[in-house]
Structures are given as C-alpha cells and as structure tokens.
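Student: Given next are the chains, with one letter for each unit.
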Amino acid sequence: MGRSDDFIQLKGTISEALPNATFRVKLETGHLILAHVSGRMRKNFIRLLPGDKVLVEISKYDPKKGRIIYRFSR
Amino acid sequence: MIIIKTEDEIKKMREAGRITGVILQEVAMMIKPGVSTLKLNEYAEKRTQELGAKPAFKNYPHPSGLIRYPASICISINEEVVHGIPSREKIIKEGDIVSLDFGVVKNGYYGDSALTVGVEPLDERKRELIEVTEKALYKGIAVAKPGARLSDISNAVQTYVESHGFGIVRDFTGHGIGSSLHEEPQIPNFGPPGKGPILQERMTMAIEPMVTMGDWRVTIKSDGWTAVTVDGLPSAHFEHTIVIRNGEAEILTKVE
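Which chain is which? The protein sequence lines are X and Z, in order.
Counting with this note's numbering, you get residues 41 to 114 for the letters of the first sequence.
Counting with this note's numbering, you get residues 16 to 271 for the letters of the second sequence.
Don't read these hints as lab results, they were simulated from the structure.
Since this is a predicted model, take the numbers as computed values, not measurements.
Some hints here could point you the wrong way.
Claimed, not checked - Okay, derived cross-link-like pairs now, SDA-like style, lysine to any residue, Cα gap no bigger than 25 Å in a straight line:
(1) Z:Lys69 to Z:Pro48
(2) Z:Lys73 to X:His71
(3) X:Lys51 to Z:Ser195
(4) Z:Lys73 to Z:Glu263
(5) X:Lys100 to X:Arg114
(6) X:Lys104 to Z:Ile235
(7) X:Lys104 to Z:Lys236
(8) X:Lys93 to Z:Arg83
(9) X:Lys100 to Z:Glu263
(10) Z:Lys210 to Z:Glu263
(11) X:Lys100 to Z:Ser102
(12) X:Lys66 to Z:Lys210
Model the full assembly from the supplied sequences, consistent with the hints where possible.
Tutor: As structure tokens, then:
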C-alpha cells in the first residue's frame, strides 16, 4: 500500500455509483476521480449514495483514483 | 542545466531578496504567545502587496496536481519541519520554536528565505538546535565559491550539524532560484564532498538546512504539505538566497 505519506486526504461528493463498489467522486477542488470503498467501510456496511459527502484518500502518484475512507453524516 | 544570471538579473533578484528579507524579519518580530499563524500569514500577504511584489508560495502546485499551497508563508511549529499551513486554530505558545519560510516574486525574479524563532522561555537544547541550524547555513554559504563542487556545501552543512548530535533532513533540499522558485540544481544538505557540478560566478541558489533534534526521518501529513518528524521531536530551518559573485557568496535575503 505504500508509505502513509504518499497519500493526501480530500473532501468530495459522490456524483455517481458504479459497479463493484466504485464511485465517481467530485472533489472540492473540482477534479472528478474514481474511488472505491475502503475495506473498513465495507466491513461496517457504510452505505453510500450519490450526493453523500465523503473523505477520499488519494495517492499522489495516481491522482485519478482514490479510496473513500469516511462518509460524513447526512 | 544551471542558469548563470546576467548582472541585470542579479539586480532584480537583489530587489526580490531584499523584500523577502524585510518581510520575514517583520513577521518574525510578531511571533509571541497567543498569536495565530493565520494572523502572520495575513500580515505577510499585506506587506508583500504594499511593497509591490507577489507571494511566491501561494498556489504553488502539489506534486499530485490536485491541490495548491493555500497560503503565502509556511509556518512550521516544533515537530513540523517545513511547509506548515497557517491556520486560525494554530496558536503560538511559550516554549515553541517557530520556523517561517517565505518568498516573493518581483519583476519576474524570486527571493526565498527562512528562519526559526524560539518563544521564551526556551529550553537549552531547543536554543542550541536553532543556533546550530543557523550556523550550519552559514557554514554552507561560506564554501559556496567559484571552483567549489556543489556537494562541498552539502558536506559542510552535514558535518557541522552532526558534530552537535542533531539530525539533518534528507527529504528536502536547497535549490537553484531565479526566474522560477525552484531551478536546477537540487542542493542536498548531506553527502560526501567533491561531487556534482562546479560552482561558477553569477549562479544563484537557495541553501536551506533543516535540522531535527532526534532522528532525521520525516513524514508528510494527510493535508499533503506539512512535513513532520517521525519521532515528534522539534526541528529548525534556516534559508538564504545567495549569488556567487566576485569570488564569494553574497547573501541576497539578508537585512541589516
């Protein structure tokens, strides 16, 4: 998974649900990225819907993909 | 390629350096317990505008391309090494050591400088850390002469810092500077002497040792910018922009 300092955390909004627990997320910065749901969120059955505000962890080496690590309360 | 500057360019860099130095000193005077780092940023921004320059760090792109540096000055307190983002919640308190890193661009040329200030009452080891870091910078500047090799600077800094039992950060380096904030070459603060390009007249560079009280290893926080020491021990940072001229290094960001 790489070193923890290779990731930056940004807030965003789910814009589209895609197959296999992936989502299109619109970041606060305006970028649109593809993100999948972190294992811990799946384990705890955190459901995600378009419009949800989430926290995404993004590798600085591949800023087009990310991992959703938190859903802010609706 | 290391860009050799013309006399005219050096004149412009002297102006940018002077503004950088003046504002940095003024901001350093404002450091006292109870002041938020956002306040220091606002002041630096205001003064930059008054002196007809632009902040060099604002909107500097992150390597990922996703975000940009949100402020004009980097303020790194205690275990933060560099690139601390000013914030309303970050309040300076007694015993803190505060590193300020600041730069401006004026007429297309850059100045870049940093210093560390301790807030009294300061414990002795922290005071020593600040002193050693500043002296290490001057050790590096002293060997920056035409004919010397780039890594002679690196070695001078490292040798001095480690002789005092402190750690020298490897993850960030000094850099060439001119019509952009970061130019070639990178100037590491560690390594054997006698390697790298030969220094020449009218080269301009920013030398910036970052020194830690314990281990030199650092990690980046999830904001994507702030570098902190892994062991949580404090760190200090000094930097000057210099030009090699008439056989020696002239400091462009110094204020009397």
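Student: With reference to the structure, classify each hint as holding or not holding.
Tutor: To see whether the hints hold, each was checked on the structure:
1. Z:Lys69 to Z:Pro48: At roughly 28 Å apart (the allowed maximum being 25 Å), Pro48 of chain Z and Lys69 of chain Z break the hint.
2. Z:Lys73 to X:His71: Holds - the C-alpha atoms of His71 of chain X and Lys73 of chain Z are around 20 Å apart, at most 25 Å.
3. X:Lys51 to Z:Ser195: Violated, at about 31 Å.
4. Z:Lys73 to Z:Glu263: 32 Å, violated
5. X:Lys100 to X:Arg114: Given that 25 Å is the threshold and the Cα spacing comes to 28 Å, the pair is violated.
6. X:Lys104 to Z:Ile235: 20 Å, holds
7. X:Lys104 to Z:Lys236: 20 Å, holds
8. X:Lys93 to Z:Arg83: 21 Å, holds
9. X:Lys100 to Z:Glu263: 40 Å, violated
10. Z:Lys210 to Z:Glu263: Roughly 19 Å between the alpha carbons, so the hint for Lys210 of chain Z and Glu263 of chain Z holds.
11. X:Lys100 to Z:Ser102: 23 Å, holds
12. X:Lys66 to Z:Lys210: Cα-Cα ~47 Å, so violated.
Hints 1, 3, 4, 5, 9, 12 from the list above are not met by this structure, while the remaining hints are.
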